[in-house]
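For this one, chain A is given, so just place chains B and C on it according to the hints.
Chains as they are written, first to last, in this note's numbering: chain A, 2 to 735; chain B, 2 to 97; chain C, 112 to 345.
Here are the computed lysine to aspartate or glutamate pairs in the EDC-like style, where the Cα-Cα straight-line distance is at most 16 Å:
| # | chain 1 | residue 1 | chain 2 | residue 2 |
| --- | --- | --- | --- | --- |
| 1 | C | K224 | A | E412 |
| 2 | A | K440 | A | E478 |
| 3 | A | K435 | C | D319 |
| 4 | C | K224 | A | D428 |
Which bits of chain A does chain B cover? Going by a derived footprint, with three or more residues having C-beta under 8 Å, they are:
| # | stretch |
| --- | --- |
| 5 | 95-101 |
| 6 | 235-243 |
No wet-lab data here; the hints were simulated from the structure. Every residue gets a Cβ at the ideal spot worked out from N, C-alpha and C, and that includes glycine.
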Amino acid sequence: MRAGSLALTSLTAHEVEEVRRRLGREPTEVELAIFEATWSEHCSYKSSKRLLTLLPTSGRIVVVGPGYDAGVVDVGEGYVVSIHIESHNHPSAIDPYGGAATGVGGVVRDILSVGTRPIALLNSLRFGRLENALSRWLFSNVVKGIADYGNCIGVPTVAGEVEFDESFERNCLVDVVCIGVGRREELILAEAKVPGSVILIVGNYTGRDGIRGASFASRPLDGEDDRSAVQIPDPFLEKLLIDATLEAVEKRLLLAVKDLGGGGLATALAEIAYKGGTGIDADLSKVHLREPDMQPTEVLLSESQERMIFVVRTEALKQVTGILEKYELPFSIIGVVTSDGILRLRWYGRIVAEVPVWAAVEAPIQERVVQMVHRLSNTNTTLKPPTPDLHEAFFKILSSPNVASKRYVFEQYDYEVGVRTVVKPGDGDAAVLKLPNGKFLSIKVDGDPQKCHLDPYMGAMNVASEACRNIVCSGAEPIAAVDHLQFGNPDDEEVYWSFYQTIRGLTDYFSTIGVPIVGGKVSFYNEDSTTGRAIKPTPVIAAIGLALTHDSVTTMSLKTEGDALLVIGETSAELGGSEYYKVVHGIEQGQVPFVDPRLDLRIFRVVLTLATVGALKAAHDCSKGGFGVTLAEMCVSGSFGAKVDLSSLPRVGELCLDELLFSEGRTRIVVEVPKKLIGLVTSILERYGVPYGLIGTVGGRTLRILYDGRTIIEASLDELENALEKPIPNIMGD
Amino acid sequence: MGPRINNNDEWLVEAVIEPKPSLRDPEGETILKALVHREGWGEVLEIRSAKLLRFKVKAISPEEAERLVKKVCDDLRLYNPVSSTLKVRAYEGSRG
Amino acid sequence: MRVLVVKFPGTNCDYDVFEALRKVPVTYPELMWYRDAEPRGYDVVVLPGGFSYADRLRAGAIAAKSPFVERLQDYVEDGGLVLGICNGFQILVEAGLLPGSFLVNDSLRFICKWVNLRVENASTPFTCLFTEGQVIKMPIAHKEGRFYAGELSTDLVKSKRAVLRYCTENGSITNIANPNGSDHSIAALIDTTGRILGIMPHPERAVDPLLSPDGSVDGLLLFLSIKAWLGGQA
Numbered sequence: 002m003r004a005g006s007l008a009l010t011s012l013t014a015h016e017v018e019e020v021r022r023r024l025g026r027e028p029t030e031v032e033l034a035i036f037e038a039t040w041s042e043h044c045s046y047k048s049s050k051r052l053l054t055l056l057p058t059s060g061r062i063v064v065v066g067p068g069y070d071a072g073v074v075d076v077g078e079g080y081v082v083s084i085h086i087e088s089h090n091h092p093s094a095i096d097p098y099g100g101a102a103t104g105v106g107g108v109v110r111d112i113l114s115v116g117t118r119p120i121a122l123l124n125s126l127r128f129g130r131l132e133n134a135l136s137r138w139l140f141s142n143v144v145k146g147i148a149d150y151g152n153c154i155g156v157p158t159v160a161g162e163v164e165f166d167e168s169f170e171r172n173c174l175v176d177v178v179c180i181g182v183g184r185r186e187e188l189i190l191a192e193a194k195v196p197g198s199v200i201l202i203v204g205n206y207t208g209r210d211g212i213r214g215a216s217f218a219s220r221p222l223d224g225e226d227d228r229s230a231v232q233i234p235d236p237f238l239e240k241l242l243i244d245a246t247l248e249a250v251e252k253r254l255l256l257a258v259k260d261l262g263g264g265g266l267a268t269a270l271a272e273i274a275y276k277g278g279t280g281i282d283a284d285l286s287k288v289h290l291r292e293p294d295m296q297p298t299e300v301l302l303s304e305s306q307e308r309m310i311f312v313v314r315t316e317a318l319k320q321v322t323g324i325l326e327k328y329e330l331p332f333s334i335i336g337v338v339t340s341d342g343i344l345r346l347r348w349y350g351r352i353v354a355e356v357p358v359w360a361a362v363e364a365p366i367q368e369r370v371v372q373m374v375h376r377l378s379n380t381n382t383t384l385k386p387p388t389p390d391l392h393e394a395f396f397k398i399l400s401s402p403n404v405a406s407k408r409y410v411f412e413q414y415d416y417e418v419g420v421r422t423v424v425k426p427g428d429g430d431a432a433v434l435k436l437p438n439g440k441f442l443s444i445k446v447d448g449d450p451q452k453c454h455l456d457p458y459m460g461a462m463n464v465a466s467e468a469c470r471n472i473v474c475s476g477a478e479p480i481a482a483v484d485h486l487q488f489g490n491p492d493d494e495e496v497y498w499s500f501y502q503t504i505r506g507l508t509d510y511f512s513t514i515g516v517p518i519v520g521g522k523v524s525f526y527n528e529d530s531t532t533g534r535a536i537k538p539t540p541v542i543a544a545i546g547l548a549l550t551h552d553s554v555t556t557m558s559l560k561t562e563g564d565a566l567l568v569i570g571e572t573s574a575e576l577g578g579s580e581y582y583k584v585v586h587g588i589e590q591g592q593v594p595f596v597d598p599r600l601d602l603r604i605f606r607v608v609l610t611l612a613t614v615g616a617l618k619a620a621h622d623c624s625k626g627g628f629g630v631t632l633a634e635m636c637v638s639g640s641f642g643a644k645v646d647l648s649s650l651p652r653v654g655e656l657c658l659d660e661l662l663f664s665e666g667r668t669r670i671v672v673e674v675p676k677k678l679i680g681l682v683t684s685i686l687e688r689y690g691v692p693y694g695l696i697g698t699v700g701g702r703t704l705r706i707l708y709d710g711r712t713i714i715e716a717s718l719d720e721l722e723n724a725l726e727k728p729i730p731n732i733m734g735d
Numbered sequence: 002m003g004p005r006i007n008n009n010d011e012w013l014v015e016a017v018i019e020p021k022p023s024l025r026d027p028e029g030e031t032i033l034k035a036l037v038h039r040e041g042w043g044e045v046l047e048i049r050s051a052k053l054l055r056f057k058v059k060a061i062s063p064e065e066a067e068r069l070v071k072k073v074c075d076d077l078r079l080y081n082p083v084s085s086t087l088k089v090r091a092y093e094g095s096r097g
Numbered sequence: 112m113r114v115l116v117v118k119f120p121g122t123n124c125d126y127d128v129f130e131a132l133r134k135v136p137v138t139y140p141e142l143m144w145y146r147d148a149e150p151r152g153y154d155v156v157v158l159p160g161g162f163s164y165a166d167r168l169r170a171g172a173i174a175a176k177s178p179f180v181e182r183l184q185d186y187v188e189d190g191g192l193v194l195g196i197c198n199g200f201q202i203l204v205e206a207g208l209l210p211g212s213f214l215v216n217d218s219l220r221f222i223c224k225w226v227n228l229r230v231e232n233a234s235t236p237f238t239c240l241f242t243e244g245q246v247i248k249m250p251i252a253h254k255e256g257r258f259y260a261g262e263l264s265t266d267l268v269k270s271k272r273a274v275l276r277y278c279t280e281n282g283s284i285t286n287i288a289n290p291n292g293s294d295h296s297i298a299a300l301i302d303t304t305g306r307i308l309g310i311m312p313h314p315e316r317a318v319d320p321l322l323s324p325d326g327s328v329d330g331l332l333l334f335l336s337i338k339a340w341l342g343g344q345a
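Next comes chain A alone, as it looks inside the complex (with noise of 0.2 Å):
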């Protein structure tokens, strides 16, 4: 994969003749170079751009939406918070140690494009069975890349998930998420506004890792070990960008700030003059290079990691790269922001490439049409199986590695880094952080591909609920949210129409419910080139949330003796895509959860008032596995055992004892409330008019579940403890 061959460009024959239309002449090999990086899927979003319009993204607290590097809001106070979410899911498959270690540094490098400081990280994570040793290879490297880079910079990682499913066998899905807080008055974008400021590549030499990658992440895998994806990780350049970085933000010493990711050079140059409505002029071999006779292209494609591109005024210079000489960042200057509208490269001062900077990021859309695929719509009727051994079903189902503790992986992160972490890894559904504005902030990322297959719309509907009433559990109010949509090929009419449909879906969702999407990424591509075999569709949305005292702050240990559990929200007998038909009767079809956005806005505006006025003593939501898990769990995280009648939750239709017990659908959320608050709790539910039931008690060292007064399941603390705590752990090897 060598640069300079024009045989090698990725642009369709469509897109070159119109690259000839818009120069009005023939494109020069850089010219060409800089339209296969601008106009890459992965950069341009050009089979999806028309699509995400649809999505909800503005709102009163929103500072900057989508478009930019990160998503920014307002938390009062002079404070704002940053989110971004990114992918590395190509390259881990390949090099899982450095392609998730350099997903990391690159999400971290946009929140630090907008001024912000970089105060938590998540990760979402999918591979295939851990039955299959290429799996465990992935995740253990995967897991220890996020740990070793996150921990070396300092930035702690506070929540996240993992999920293992045969789809992601030979594409394994690497999401990360960064978030940041700074002071409103700091923020900068990453613009080049003022004409005659400077601009200069600050960090990692380039060198010829990474060429293309961004071409790379937007065709499915060959199987053939490309090394020019392998991009290799150094946390402490990292960190001494970080540090430089902030310190010249504190003192507003710059004019705009951008990562180089995606495209390197070609699409951050490009970027910063479309936004700054400028134009650049610059010559790229004045970049600091690691290997000596590298061509132009090469040095404008690089991906090579821990760059960024500062631009100054010219007075402030000095002081800037005093701040570079101190933290001893390599640095070149290689040009200025012009008032032309053009893109002019050079090389050793010869003109190699001027393009219009618009011809340059206004990728042209490629027009599909959403075909109405029926594909599915016999998979959502199925016999529902016998009812099973109902504790043996229990315990597997909590020993399944979708369901059990990921302990393994969380301890190998540092959650407590920054002294920020109130609600840690395991203790809550969502992380919580404290603000230096004295709010708290929530933060949760989820994805459901399960559902998703079935049911597009539906199940990124299930996605939203999932996100945002983790964020509620916690005791925040979800105010932003950033998304993810990962695909197999969208030439392919299905994929194409479940991302259509999981637009809606999410659509649908956050505008009823209020909440906008203030960034979000999309990602082609994820299948096998030689079995043709996509990833079920896996949209993830990250939420975050603010609660404005601790005293909201809900973790889901069930607390004292003798308190009550209530369950607010119906349970259906709705089990496509549940855990407990995968596991235990080998099915993935059925009827995926009906999700009401407005049912689930009342639920969590009571659930919200219950923790403001102090009668929440624990909050847990049902997920994977249903409502025995999320009892198991609380129960285990209190180390308080309870007993709980089935007959008593609220539900939709008759259901069996298993479906009770393993349905995922629909909202629900389990509540420890004093005794004596019962009757205040009681009366404010049945305001909201939202449907509720008093289950049972918190106590003893076992878990009873009874229906009607008949034990159906006991189990003691011990024993739910192994069946969650041991399994990862010993699939791994220790």
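Frame of chain A; chains B and C shown alone:
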């Protein structure tokens, strides 16, 4: 390879796992720049870090021993062939 | 008291330590870059945790050779106090200011969790507000936290230079309570002058009751001990 000096059929094999020469080695670079050059050793031009695994294996010949170790490293992914090279050497005069 | 908090390239707990020290009354912490830092004039020098030089070669090995660390010997002889936290402890060991060495944790993995520590010596400047035998709580977060000093370790414990040791909830020293395989569960060590403490757990993360699993603030007590001891000296 030297002669076997016992009949144990045991060989010592060293497996050296190094990042591919074209790839960056931040560890080696940092030791060179932040320590070795800082302390004045300008004669040191480059440092590359690597990982050494020392195997003791049962085999009928040193060639067989090396083949075995290479297969173990390949099959179990003790190194990632995308980013690293593997050099395997059975030792002269190896004994159990 | 005047405290100098030193930041090396890669140190990441500097700000956490600085913020923790601001909770101690009449304390003036200053955060300085290693090249600008000069220990003279300060009551205490703190080397915070993190990954100086990304732990390349060995954790703390490169920072230990910096001019600043080389000046610490004289500073201590003149009566100064030095506190090395986590990576700071590793730097002190590499610089020869504390004995022993650090290896990778037994589990070979990074570990982040809250641990129980038994106070073995309450007569040091850093622990004078605790009582001997008291069990305190602080979080650890490290990959190369296994302290090894061969036969010397037994002497360190006997002479009470092993100031804190990993223990169970009720103060027993057991294998299970030892998170990384350190010799004799040693978590913190004092030098022969009694003025240099190296501690693997992070006291600066145990100063806010909202962030401790049980609302304790044992890290704050450590910093208050230093203040109290210095107050006694004046």
